Every structure is written in C-alpha cells, then in structure tokens.
Amino acid sequence: MKYAFFPGCVSRGGCPELYPATKLICERLGIELQEMPAASCTGAGVLQEKNQLLGDTLNARTFAMAEALDLPILTICSTCQGVMSQANHRLKEPEYLAKVNGFLAEEGLEYKGKANPKHLLWVLVEDVGLKKLLGLITRPLAGVRMAPFYGCYIVRPTDALEFEDHPDRQTALEQIIETIGATVVDFEGKTRCCGFPILTINERNSMAMVGKHTLEAKELGADAMITPCPLCHLNLDSFQPKAAAQAGRPIGLPILHMPQAIGLAMGLSPHDMGLRRHIVNTTPLEVALGIPER
Amino acid sequence: MDVTLKIKRFDPEAADPESFWQDFTVAIEENGTVLDALIKVREDHDGTFSLRCSCRSSICGSCAMRINGHAGLACKTQASDAIKDGVITVEPAGNMTVIKDLVVNFDSFWDKINQIEPYLKPEGPEPEAEYIASNESMLHLSSVTSCIMCGSCVSDCTVMEVDPTFLGPAALAKAYRFTADPRDGDAEGVSKDRLEELTKPSGMWDCTRCMECVTACPKGVAPMDRIMALRDQAIEAGFTNTNGARHTEAFSDSVEHSGWLDELRLVPKSVGMTNVSALVGYAPIAIQALTHGKMPSIIHKKLPQSENVRKIFDKVEGPEERPRKHN
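Protein sequence lines correspond, in order, to chains A and B.
Taking the numbering used here, the leading residue of the first sequence gets 1, the next gets one more, and so forth.
Taking the numbering used here, the leading residue of the second sequence gets 1001, the next gets one more, and so forth.
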C-alpha cells in the first residue's frame, strides 16, 4: 500500500513530533510513504481568502505531482485535507481545470483530475481497515477515556469531503478510539473550532475556545483528547496553559495526535511518539496505561 | 410514520425555570417535515408548546432551530432524513436567549444587522438619471440577497459562542451585500467607510473560518465566503493595519518566497514587528516551545523548485486575475 505523502507545514514546524510518529506507525501498518519534496503549502484557507484561484492552482500542482507518481495522496492534517478536498471539488469543473492547468504548463505539469487526497484517518478506516489495525494493537488503551476533536476542515463542508459516498467519515475518529481500546467521550465540542485561526487576531476568543472544549471534555471524564489536526493540537496543547489562566482554572488535559495514540497502542514508546515535546504533561496518562516512567 | 421527538423545553413562568428534555411520539405522513411533526405535538399533545413558524416553504425564516445539534429550518428538513436511532432531537437556535421552548429572542440579531447600516450609502456624485448597475453585479449579489434572516448561521457561529460582541455571519454577509454593490460607496463603488468600520475588533477579522455558518445556511448564502470576500476588499482598499491583514499578507509572502509556511515569523509579522507588548506576551510560549523542542527552525529553508511556486503567484496574481468588485 503506497501513497504520495503530504505532511503539511505544521508537522515539520510547530508540531515536529507528528511527522516521525506518523512514519513509525505507517511502517507497522505496511503503508509506504513517497515524499513529494517540492509540493507547496495548501494555503490553509488563508491564501484562499486573498485569492482562491491562486490557492487552487497550488493544490492542482501538488495533485499533478501525485498523478505523475501514479499514487493517491495521504495527508496528516485536517486543514490540509479540507483545503485540498475543496480545491479538488472546484477543479471538477472542466473549464476551471483548464484555466488552472494553463498556469502549470510552464513547469511541465498537468492535473488530469484524478487525485483523491485522503487523510490518514480516512485511509485507516477505508483502505487499511480497522481489522488490520486491531491486529497490530499490542497495548490496548484500556480504561482511557478519550475525547475526539476532529478539526473544522475534515468535517465541513460535507459535499467537498464526500461524506455522502463515505458515511464512515462522520465517525472515523470514534472508530479509531474504539479500535485502540480506549473509550469514547462524546462531547458537543468535537466538531467545533479550536480557535487557532484567530490566535494572533483575537487571542481572547481563541483561548476561550480552547478552554471551553478542553474543560467540557474534562467535565465529561476525559483523560485525554485525540486529534487528526496539528493546528488544533498547537492551540489545544501549546496554548492550554494560557487558556487555563484566562479561564481561571487548571485544565491539564493531554492532547494526542491521532498517530501518537495509535503508536502507544501498538506498543511504541512515549519517547518515540514524541510525547516529551508536548506542553501539557502526558505522564499521568502513561502511568495509567502502565507504561513505566523513564 | 411514527416519529419520536426529543424536545428541549423551557417555561419562563415555571416555579423553577430551567430547561428540560421531553419526548413526544407523533404520527405524520411519510414525506412529512420536522415542522409537521412539531405542529402535531402542539395540536395533539401539548397546547402550551411554543415555536415560531409561518410559511412552511423555507421563505419566511421563522422556524430556524437546532435539529440533531445543528441549525436549520424545520420546514425544510424531512423527518425521515433527520431520524437518528428512531429519534429527532430538537433544540432552540443557539447564541440567542430562549424566551419559551423553541422561541428565541432575536433582539441581538437585529441590533447587529442595524449596526452595519443595511441600506445603500452612495458617496459619489449623483447620476443624472437612474443608477446603472450591470447584470453581472446584480447576479453576483443574488446569492447574498437570498438571506431570509432566519438566524441559522448565528445559531451555530463558534465565535459568537465565546464572544457575543462579534458582528457574526448574518450581519457581515449583509454588509457584503452593500460593499459589493456598485451603487454603494465612492464613484468607483468602493465602500471605504464601511470597510474601515468592519475591520475594527468584533468585525470581519474575528471570524475563525470554521464553516459552521456555510453548513447551517438553508439558502446557500455561504456567509463565511462573504466574510472572506470582505477581507479581500478591505486589503484592496488599503485597510492593512490589522493583525488579520498582516497575517494574510505574511502567510502569503512566506508561501510565495519559500513554498511553505514560516511559522516562526508568522506570529511577529501578524501582531506587528513594532508591537512590543504583544511580542513580549508571546515570550513565555516561545520559551516553552524552545525547551520542549517544539520551536520551528530559525532557518526557514526554501522547498526544492520553490521558484516555480513564485512563478505561479506572478501569473495568477497578474492584474487581470485579481478578484475585484464587478462593476
């Protein structure tokens, strides 16, 4: 099983623990990842607010690179996934595709419209299969109550994300939580906004969102939160102390990247999963799992 | 068809006014709507159950409420589509105070609509005859003018949930209806005063782009897309002294010149390099990131063939391709 790998900017920047954790679990799952070193940023919706055509052209360039490799694209970021799916949805219109291809011609690239970018979350549920994943679980996260946090761009808008053809996408994260042996903590905030996009614009609101979701999950008994989006992770983990200060109450809810949670359940060490890089201490969770402290 | 409704109720005149859930099972036609079922509840089970509704054909905008946790019009939602495990969950619209059962107070909604001054404000010289507006410009506006003021977008707005001062998706989309109208603003149709006002705190830059409003809107107005268009208009009109505008520009510059995002420099560039107090505020976070090995590299390497990304910027952002107001 081979994919053109699109790790996104944040897994190599502000969340450097995500990239190696993904590589390690993909190795165990038999997923081969072919890098596309020249593929650009998706624009993350920010570039698109300035110029949608520009954003769509950059994504079509990445799609064309994957087509040249004859491989489907695998992403590990909800935001990258959503922005790519939206671009791909618009590029189904032949006239628009031709216009975009006009900008790619000089580089010798042409997007034929066949790309199918898929987040690792969807790849696990749809391509690998949860049965195979279950077979690789050697240390089920039994007793851990885990709150899912999807990230806006992997749940909206449902037409571009093709939820109608893939109804499992609505509950994919809960299915992963159950497969790795943890218990789902269902909460209203799971498909809401983490506040990251307005962090530098209205920090107070951004921190209020972090506080609202993490405290809601905690009150419902969550021991940890799991997310397929590194941007959400940045806000929910790195800025959690700030959100707690604003809320005037301690939070201390470990936030795991989805591949980290899977890796732990595969028996990989917290060190290999990069948990030491987290701002919110994950040791209590590790102790609860019976993983010896280093 | 039997339908069980789980309804969130509230009676302000109760001895201890607190919201509570109540289940009702009613029989409706196979093709009945959630509204049909709710009306049955009122007619056959509990005459005190309150809800707003009128046209029953998604025109009047009265019956917006949360159905299975998400806002929509009860009259536009087929009961058979909404049933989950045999039940349809119905709550009042969010982000507005509940008056009784499913009836919410729209005062804050209308205050915000009034705040954006929802009428044409031409500033240029008056034309000798009627204003001439192109078909293209009016067609462009038709999606925004489809708004029926039902409040679905406001109900599900994630920013209003934490900040009631935010103008919100309905009012901002309404503002775009005027900024994009060639008759509004100066002789070139640029609505400078409006755009300046809307760049202030609680305005266009406070939207998180979560797309809840796009999903909730029953009329295809896509309020978030209008807010993005407002931002582009504001930058074009020269209102760039905001964290939001700086963030967009810094993001775009980084991708243009290296192919990917330089996260380390994005924060200072967004809050402004001379904004010492804000920069100092980020210092503890930066130190924490550094000690945990989470700090992005100081040296931001360009991607291979990043010159090709730059060429795409040049080609697409050429003057004829810039999105502009249709005049």
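If you're looking for bench data, these hints aren't it; they were derived computationally from the structure.
Quick caveat, the model's predicted, so the values are computed rather than measured.
Please note: incorrect hints may appear among the correct ones.
Stated by the list, open to error - Once the Cα atoms are required to be at most 25 Å apart in a straight line, the calculated SDA-like pairs of lysine to any residue come out as:
(1) A/K99 - B/F1313
(2) A/K114 - A/E188
(3) A/K131 - A/E164
(4) A/K112 - A/M36
(5) A/K131 - A/K212
(6) A/K212 - B/D1163
(7) A/K212 - B/S1108
(8) A/K212 - B/T1165
(9) B/K1006 - A/E188
(10) A/K99 - B/S1108
Each hint, compared with the structure:
no.	hint	result
1	A/K99 - B/F1313	holds, 14 Å
2	A/K114 - A/E188	violated, 36 Å
3	A/K131 - A/E164	holds, 23 Å
4	A/K112 - A/M36	holds, 18 Å
5	A/K131 - A/K212	violated, 35 Å
6	A/K212 - B/D1163	holds, 12 Å
7	A/K212 - B/S1108	holds, 22 Å
8	A/K212 - B/T1165	holds, 17 Å
9	B/K1006 - A/E188	holds, 17 Å
10	A/K99 - B/S1108	violated, 44 Å
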